[in-house]
Each structure stands twice: as structure tokens, then as C-alpha cells.
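*Asks:* Protein chains in written order, with the numbering used here: chain A, 1000 to 1337; chain B, 639 to 1206; chain C, 148 to 589.
In short, the hints are calculated from the structure, not lab data. Each residue gets a CB set at the ideal place from its N, CA and C atoms; glycine is no exception. Be a bit skeptical, because a hint or two may be false.
Here are the simulated distance ranges between beta carbons [claimed, not checked]:
1. B:1195 x A:1204: 52 to 60 Å
2. A:1115 x B:1085: 58 to 66 Å
3. A:1118 x C:236: 55 to 63 Å
4. B:1085 x A:1298: 41 to 49 Å
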Amino acid sequence: MGLFTPIFVAFCASLAHSQLDFEFPKNGHTNNWAVLVDTSRFWFNYRHVANVLSIYRSVKRLGIPDSQIILMIADDMACNPRNPRPATVFNNANQHINVYGDDVEVDYRGYEVTVENFVRLLTGRLPPGTPRSKQLLTDEGSNVLIYLTGHGGDGFLKFQDSEEITSQEMADALEQMWQKQRYHEIFFMIDTCQAASMYERFYSPNILAVGSSLVGEDSLSHHVDSSIGVYIIDRYTFFALEFLENVDQHTKKTMGEFLNVCPKRVCISTVGVRRDLFARNPHQVPITDFFGSVRPVEVISNVTLVPLVTNETKTKPVAQPTKKYRYIPPLVNFNSIV
Amino acid sequence: MFLPTLLVLIFSPFGVLTSKPDKFTEELFIKPLYSDQLYVHFHFATKWDTNPEQETFRHTHIFPRALGEIVERYNVQELHVSLTGGLWRYETWGYPILDAAPGAEVWAWFKDTTEDVDQNWKLLASSLSGLLCASLNFIDKANSIRPEYTFKPKGVFSGSNLNSSFVRYSSLPREIVCTENLTPWKKLLPCESKSGLASLLNSGYIHNTRYHSVAIHMRPVCRDSSCEFVSLELQQTVSLVYDYLILGTKNWSFRKLFGQGLMGRCPLAETSTIYIDTTSNTSVPFQLTPSPDDYVTSIRGGHVNTFAKYVVRPYAMSLNANFLGKESVLLNAPPSLHANQYITGYGQERGGIVTKIYNNHWSHLDVVVLQNIPWYVPIYLHTLKIEVNGLEAEPLKIRYIPGRQRERPYHLELLLKLPARSVTSVSVDFDYVFLKWQEYPPDANHGFYIGSAIISANLPLARNFTGLPQDGSTIADSFNASRSGYLVQVRTENMVITLPTPDFSMPYNVICLACTVVALAFGPLHNITTKRLVLTVKDNEKLIVKIKNKIVKVLTDRRGGEEKQSVQ
Amino acid sequence: MAHGKTEKCEQDCYKGGTVLFMYLTGLGIRYWLMFSRYQSIIANHIEISTPLNSWKRVSEGLCLQSKGINPYEGDLLHEAPITILFYKVLTQWWKLDIKTIFLAFDAGTAVVLYFVAKKYMFHLFIEQEENKKQYALNSKEFLLSGSDFVNSPVFVASAFLFNPYTIFNCVGQSTVVFHNFFIALFLFCMLSGSVILSVLSLAICTMMSFYPIVLIIPLFLYSNGIYKSKFRAILTPILFIATLAAFITISIGLSNGTAFMKNVYGFILTVPDLQPNIGLFWYFFTEMFDHFRDLFISSFQINATVLYLIPLSVKFRKDPFLLTFAILCLISVFKSYPCLGDVGFVLSLLPCFIHLFNYSQQGFLVGVIFLITTALGPILWHLWIYSNSANANFYFGVTLAFAIAQIFLVTDILFAYLKREFCLNHGKERKIDGKDALLILE
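For reference, chain A alone in the conformation it holds in the complex (with noise of 0.2 Å):
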């Protein structure tokens, strides 16, 4: 608290004295948060870990702090007995990314990724005791970035093979996120078969969703690593990764562009976008608004410091001791059971 109050007043300080010649961008967000969920198990399925990392490493590189990126991955592909090079997923057959990386933090592993869960995390409502990195803390100017890849049909996605979400159920959970001001945008990105099915029931306003395909069509996967020996990234996931690696903090690409990502001609499915719901031209929208965390930064001069009044707590005398302490013998003594 002693920290913060010096600032908070400054802050105030500053906000009074400088109204005049500076602005806040107006119906702009304040901070980025991203969802990254890959739904299915099974090691045949290392493509969808593949594409969750590779976006994971993507957002991070862009400015994302790992507590704002929830990591949901339904399997342990990096230290599989079936991967012959432990704690890594590559996405390329080259082998020259690793996505899964050095610093890795996943909020949601194996039994845990679940549809409740999923649904209890967009929503806020999670069970008491639920640690900070597995909460989406955001409010009425996060910008969320939702990424979804599995197997899906029409009208549902896959979670584990064992359940899955429907797109009424996806779209009623973000029509109460957004009654609950709990996002200012959201970019919602999906990779599945049928992926536009998952998005045609939004109703919830500022949504711009993307999906690998269309309705009837398979989304398919890009190539298959040898030495892996299964296929290990998704065509949508590995051209939007193409585009996203050319991008840095400074970028000037804009959502516009990479919603033209992946023609038919090398993704094989066609790309559906939905933009009905979202009110600003993508083509206008800065591709970090979504997939960084970029900032206008003012920076502030002249500043009076209002001193503050602390009223220092003394640090607490040291209690006198007055308890004996001692080590317990290990092992419960066997001649006294006898």
C-alpha cells in the first residue's frame, strides 16, 4: 500500500494538470489478454498443440505477458514417451522453432481442459481458491484474443473426444462476458473442420471471428515431420504463423491483412470471416491491437510529487521465545509399539 499511494497521487496530479494537452485515445482498449486452447488428446494429434504453441509463441513474442495468455492443452506432447525430442513441439518439418520453448507457463493441462472449464473461464465464474493464472481477469477494455483448435463438425467442437461445446453454448458464453463487461474486443480465431459453423451464432457485439473453413468443408492439415511421424501443423495455423513471424511490436499490419491470410489455393479450405459484429474497418485495426500489447505511451513531465504521509508501522518486535522446539524423530519409535 505504501508503494502505491505515492503513485496513485501522482496519477491523479498528472490527470489534473495535464487535461488540456493530452487525450486519451478514444475507444481504444487498455490491455490485451489471449485464450489459447487446443481440445484434442492423443499423440496423432500433435498438429493442434502445434498450432495453440505456435500462436502462444506468436503473442508473447508480440508483448503478451504470460499472466495475461491462458494455455489450455488437452495433452502432453513436449514430454510424450512417444516424442524422440523431449520438451520441445516443433511446427515445421526444419525443426528450426521450437514453439513450446524454454519459458512455457500452461494454465490448463490434460483432465483439466474440459468444456466447464472453458465456459467458467471466459465467465468468471470459477470455484473459490482458483489461483490468479487460471483466471481471465479481464474487464471493459481487454482486448481477447481466443484461439480455438481441435476437431469440430458442424456446430460443435471436439474437447478430448469426450465431450464437446456447441456454438450456441460458445456464443451465449460470450454474449455474458459481454454483459459482464468483461472485454472491450475480441478477435475469435478457430481451427477446426466446419470452423464458421462455431462462430454463426454470435450475437454479442465487437466480435471479429475467423475461421479455417467453411461450413461443409475439412480443414486440413500442412505436412508431416518424419522423425515425428505424424503430421504437426494445421495449413491455416502454419500461413497465419508465416504472416504473424514478419511482425514485430513496431508493425503496421493491420487485422485487414491477416484475415487474407492463407488463400484457397494453399489452404485448401476457404477462409470464413465474420465481421458483421465488429465496428471498425479491420482494415484499420492495428494487427497488435490483438495479438500484442502495444500501447500509447505518454510519457509525462513535470510532475509535482505530493508528498505523502506515511505513517510507518514499526516493524514488530521479535516475540521472545517462549516455545521449546525440537526435531521429531522421523520414524515412529517401533520398541514403544511392541
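Given the structure of chain A, go ahead and fit chains B and C onto it with the hints provided.
*Replies:* Relative to the frame of chain A, chains B and C by itself:
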């Protein structure tokens, strides 16, 4: 001359820090195992001279505040967490510095002021899951036990007698351990992985081992020998067992093991040392380059060990070990106590769990066997059979708390006296249970895990023993630390059983079919009880004729319809 | 028995020696199987041992008790404290061989059943003689003959002694053996008009498996018939409730608490253990959606207990024994943890209704289904659990068919009873105004 002066200048602020109430030591311990493995143990110990009973963790210096807050919030006295991949092979590798069961293992003592221990335990596990990115939030009452004899507090204790209602133990044998667990673990270290020995923890290399275990152990310890004051101690360890087969050679170096050299010490560490066990040099000699700063000889429990000691300096170093000449065949006497565990029976109806405990010592050993058997493996106590060298024996004491479905695991603790040079088998039968279809995990046919049994004993000899004494917190404390007994807690293998599964695609069919059978009873009984028998005039038309007429009628109708259509 | 018909009976009836030989053979088979290596195989079959009645669980409970652990703390034991005390007295205090106890009780059941059938036949005979005048003129051939009356008990006893279901039940050491004994005792006491004893044995049965509680209705009807006084008849259920309360109090005292209520009756009613058995519950509630579990459990339990109780009691109030049989039959189909011992017991009562056999239509069908399911059940179980080449659906199909056979059997018998009554009262002619007529329910 210039460099040391500069360093003194740079590190002088840290010189001040040593007068602070907390100190941090980092150690690396390397021991070639008698078989073809290399044991590498990172040991980071933080000792904070504060009273853990009054500490609020509002401000911490070296001690990780994230952990401190959790400990304070849930009234934890002592906390032990380990995340392990692979199984420690006691029979060939001897004893590790810290025992850990495969998967995740957590045990904690709560302060005796805790009101709802079960609730605190659940919330503690949930918070730890966020701290370590592990699925520890699956720990709750249904898979936790309160061991009476096995887990005494490791740290100091002030009360008059222990109450086992404040201890909780749970293990998640299925838990995988990977970089995502190591990353947050490293962030708890004062220097994280930016400098010091922790910078060697390169996930791509350390997960390519036979055994890797990440652990956190927090406990209150005596501040000095008089033990009037208490300090808070935190041990963070990483244990690795490299296999020469995977390395491809018996010559190891930092670069081979970790992919990089050491870039100096952690500036916050009071000492930063590397110890290499050279006891085996007499039989399997290896040459260390650069040559060690010092050799340490430790006489402990009648066994002499020598260690090469390196003091890590604030500049880059690497370490190479080259095996010299022909190795002589070495017969290693197996450790005094080891154990294994397996499932008996076939099919998915009835089975048994057998724990075999080997006492290779020349005198008898007193052991405590702890089994934490999940509720979905109901065991029958009356089938418990203890055989010593093939003859039935009685345990000194049994503590058994029967489990309840979906509520509580089966907790079995046995106190046994193992005769000298004996094999003891403890077997108990269980049934396979049938769960509700939504209780099966997504990969239901992978199987269900039964955690390892824990066999604790105080060994009279320190052969193959590397553990720390109870009053020690660093590797250096274990040198020349002869005590009356050396505690080992042998963990056995995890076991997997495949429970019979229902057909997961059938819920609607089953509901319909079963309800149909109920309706088959309801219909006739309804008729019998509500109607009475009467005679009516027989309809001469037979059933077949009736059906035939009906079909004919339908067919003619349709044909008529088609004709109409074709007209239109 | 009917003295006027003794001469005829000389030829058709079985002699005492034959009956004794029959008993000895039945026991011999049981004895041989009991001490053979097949005993454990039989005992391990889920058709025989359910969580509710397996001797393995009783031994576990006795073992826990001897170690000073409350057996109701865990959830393996589902026997009432009072029966646990009973087993404890038998095995630990009197040190009797448990296999001999099972044999003795099964033999006892066979003896009691013989007398049950004898009593019932006597009742039938009396009733027939009393009502003869009211019957239609040409209904003579529907009346029971003397040999029927005399032989029926022998048939009942042999149906119990040589029924593979009851043999397996006894050899498999299922505690249903004791349950059956007390049910048989209840039937005997009821038919002999001893209200107090029948209330006592019914209360014991209720303590053991809860479902027999509904049998208080036929007992009430019976005592109503005997006493001709409403007041004394109403005393019966009151006495029953009092006995039950006393038993529960004793149980609470024996087990130091009410934990057993949850473990025994809670277990029977809420069906938490989904181990397969020959009933309908296990797969249904394995596959049930959690939101609807409570709804379906309550409706299934109502179906097993009170749903048919009142209509059947109204319809068959004149023959409470038939009513008891029907209720026992329905319980053994619809109870939560049925076993072959229950079915076998009900089947061995069947020869009591020898007079209805002429009117039953589905005997062949039911018999064939019983044969097929009895053979297929263990085979498909083995394929599912041991060979992993079948799955739960196969076994479920068999249990469904088995349940259907039992349902057909009970509805057929009840229907036959109605038809016989009709024929006795209206004669065998089925004609209206000279035209052929059909007998239908309206």
C-alpha cells in the same frame, strides 16, 4: 588485478546483503552411479531467519513471496511438493538425496490452529497448481490421506504431541512433468535462471533423462544449535539421472549434460559450490578438468566418500569428466532396503496388489509401509497377507482406514519387522469397480493409476545413502553427518489398472431399452389390475389376413397417389 | 388331506422315502459343489454374489470388526448390524463351519417350503370345497384333484432342491440363503396364521434387504381374512412397525451409530455401486446423465416397491399368497441388486400354482429365455471382462432378456389366475349366442 577489484565493486552491495536475515546457497552434486547412469542434483537452499508463526510475507527478500503468501494464507507449517518423471531405481542406483514418487506428490503439515484442514488442503493444492502449472488442483479429500507413522514433520515442532489430523498426503501418479513445470519453479529462485547454477537447467536437455524430479521443500528449522529460535528453510531441488546410453558416451561435460557451460554464480548466493562424488574413482576412474579446488572426505555411518569440490566463481566455467582406461567390472552390493510393487490377477474383475520388500541388511529392519489406494480400487483387509521368506507373518501394527466411493481413499499403514536378509511380500486383494460413464477420463482405456507405496526405514548404515540429515539443509551439511539412523523412504512403482468401461456412445439407447422393459411389466399389470375379463364375439378375420389387407390397402393408396402425381 | 381320495393317491403320490431321497440328493449336490474347486468360481460370479450379499464382504466386515474398526466406516459392507451379529455368533462364537451353515439353512428352506406348499394346498382345497356350489356346472374338470394337492409340495421342494439357481446361490455362499430362509419362514407362519412369528420373520427380512417391507400388505390381508376383525388385523402392521423399530434400535446399539443406515438402506436405495448384476439398475445408472440420476432412481425404486402394490392388492385380495408370490417376483426383477438366489426362490414357489398351469400361455417362451440367458450370461461376461472381445452392451442385453422372461412369467401367472376364475364361474363354453367368443380384458 583489475578484475577482482571490479568484482568486489560490483558485488559489494551484495556483501551488505549477507547481514540480512536470509541467505541463499546453491549447490550442484554429481555422482556417477554404479550402473551406467549419472546422478545430477541441483540443490538451492534459502534460509530465512524469521519466525514462521508470525511472518506475514508482506515483504520478502530472497524467499519467494508467491510461495510465502500461499503458505501464510493456508496456515501451512511444512510443505513438500515434488514433480517427477521416471522412477528412481533403488536397487541399482542407491538412495537419492530426496525421495520422490513418480508423478506429483504433495504432503503438508498444517499449523495446529487450522480449523478446516481439509478445506485448506484443497485450496493449498489448488494454489500450488497455479504456482507450478501442474494439475495439483485434482487433489482433494477423495485422494488424500493422513499418514500416522510415515510423515512426521521434517522440521522443528514445538507442541507436546503430534496430531496426525494436521498432516495430509496425496499423490497424482498420472501427472506429467515438463518444461511448463520447470519454468515457474525457476521463477521462484532469487536469480531465476538468469545466472548461477539454475542457468544450466535447459529443459531440452534435462527432460531427456531417465529420471527427472523437481521439488520444493519448505519447513521451519532451528536457527542455531540451541534451537531457541526458528528459521524458515526452503529447499528447491532438481534431480536428474542421465543415462550414458542416451548421452552416447561415458565422458560427460556441462555442455553434454546441459547444452551449455556455466556462466558464473548467482550473485545473491552466499555460496555456490559443485561437488562431484569421486568415491567410485578407485574402480571406474575419471579425470576431471579443470581440476577441483579441493577434495572433501566424508566419513558417515561407517562409509567413506570423497568429493571433488569446485567453488563457482563469477565467471564462466565448464566441467569435463573423461573416463580413463578400462573400467574394471564392479559388483555393487544392492542397498539395504528396496522394494517393488505389482498387480496380480487377470481380467477386469478381481486382482491383487503385491508389495515386495527386500531387506539385504545383515540385521533386522523396522519398516513402515504406507499404501494410499484410490477409492476405485476397493481392497479387502481380510485378504491382507504378509509373507516373510514364504512364511506367513503378522504385522506389529496395522492402521487401516477403509475408503468410501468418491469420498476417501483406502489408507493402509503397516509396521513390520523385517528379518535379516529377507524378502517380505505384502499382498491384498481388490475388486475392479464400475464407474458412472461421466467419471471415466477422456482416455478411459489408458487405465487408472495406483500411486506408489512408501516404505520408510531408519537404516543403521549409510551405504549408498546420500540424503541430508534432518538438521541440515545443504549438501555440505551431509558430509561427516553420522547419525543414529539414516531415514530412507523408498517409493515403489506406480501401477495402472484398466477398469471395465461401459459403451460411451450408448446412454440414450440404454435408457430407452431399460425403460422399455419396465414398461413391459407396467402394461400387462395395468391391464390385469384395472380391467376385467369379458367374452366378446370373435372376429373371424385372422391376423395374417388383417395384415395382408392392410398392406394391400396401403399399396393401392400409394399407387393411386403416384398416378395422381404423374397426371399433374 | 382329502381322505376320500387316498386310494387314488396311492398310485400318483410320492412316498415318504422318495421325498427323503430327493432331499438327500439335493443336499448331496450342494455338498459336493460346496467342497469342490468350483465353489470359488461359483461364488465369484456376479449373478450370484452382489455387493449386497457376497460372503466376501461379510468376512471383510467381521475382519474389520475384530480389528476394532467400524465396518460401516468404509463402504464394502452392506449387511445390517443385526445380521452381522448373527454371522458373528455363528462363525466366531460357536465356531461353526460356514459352509455347513449355508447347507443347513438351505436344507431348512427346502423343508419349510414343503410345508408352505402343503399349507397353501390345504387352503386351496378348503376354498375349492367351500365354493364348489358357486362354480359353473361344467367346470368340474378345472377343479384340482387329490394328487395335485399332495404332489404340489413335493414339486415345490424339488424345484427348490434341484433348481440350479438356488444350488448356485447356496454354493456361492450368498447371504440370500438366510434371506430366503426367513422369507420361507414368513410364508409358512403367514399361512399357518401365526401373526407374531410372521411379523418377526418379515422384520428380519426387511432388515436384511429392505424390499420385503411391502409384504406387510399381503400379511395384513391374510390376517384380515383370519380374524374377521378389523381391529386385530390393523394390529398386524402396527406390530410390524414396532418390531422393525426395535430391530433398528438394537442395530444402532450394536454399531454405535446410525452409519449403517446409509451403508445398508441408503446403498440399496441410491445404488452407488454399479457393479453389473442380473437386474436393470447397473447399466441404466452407469449411462444415466447426472442431472436426471435422482429422478430415475426414485422412479425405479417406486416401480420396484409401491407402484404395483396397491392395484395388485386390490385385485388379488382373495388370494394373498398369490399376491405375495407376485410381489416377490416383481421385487426380484426390479430390486436394485438382484441375484439368482432371489429368482430361484420365486421359481421354486411356482409349483404351488399347479392349478394355473393349464391357463398359462408363455411357459415355453419363458423357459427358453431362461435357458438361453442362463447360458449366455456367463459366456458374454467372460468375453467382456476377461477376453475383452465383447463389451457391456452384450451382457446388458442378456440381463434385459432375463428380466423380460421373469416379467412374462409373473404376468402370465396372474393372467392365468384371472382366466381360471372366469372359467370356474362361467364354465368352459366360450360362446355368445352360439357364436365363438374371445376372452379379452376390457
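*Asks:* A separate judgement is required for each hint: does it hold in the structure or not?
*Replies:* Now for the hints, and whether the structure bears them out:
Between residue 1195 (chain B) and residue 1204 (chain A) the beta carbon distance is about 55 Å. The supplied range of 52 to 60 Å therefore holds. A C-beta distance of roughly 24 Å is found between residue 1115 (chain A) and residue 1085 (chain B), which places it outside the suggested range of 58 to 66 Å. Roughly 57 Å separates the CB atoms of residue 1118 (chain A) and residue 236 (chain C), a value that falls within the hinted 55 to 63 Å. For residue 1085 (chain B) and residue 1298 (chain A), the hinted distance range of 41 to 49 Å is not satisfied, since their beta carbons lie about 60 Å from each other.
Consistency with the previously given hints fails for numbers 2, 4, ordered from lowest to highest.
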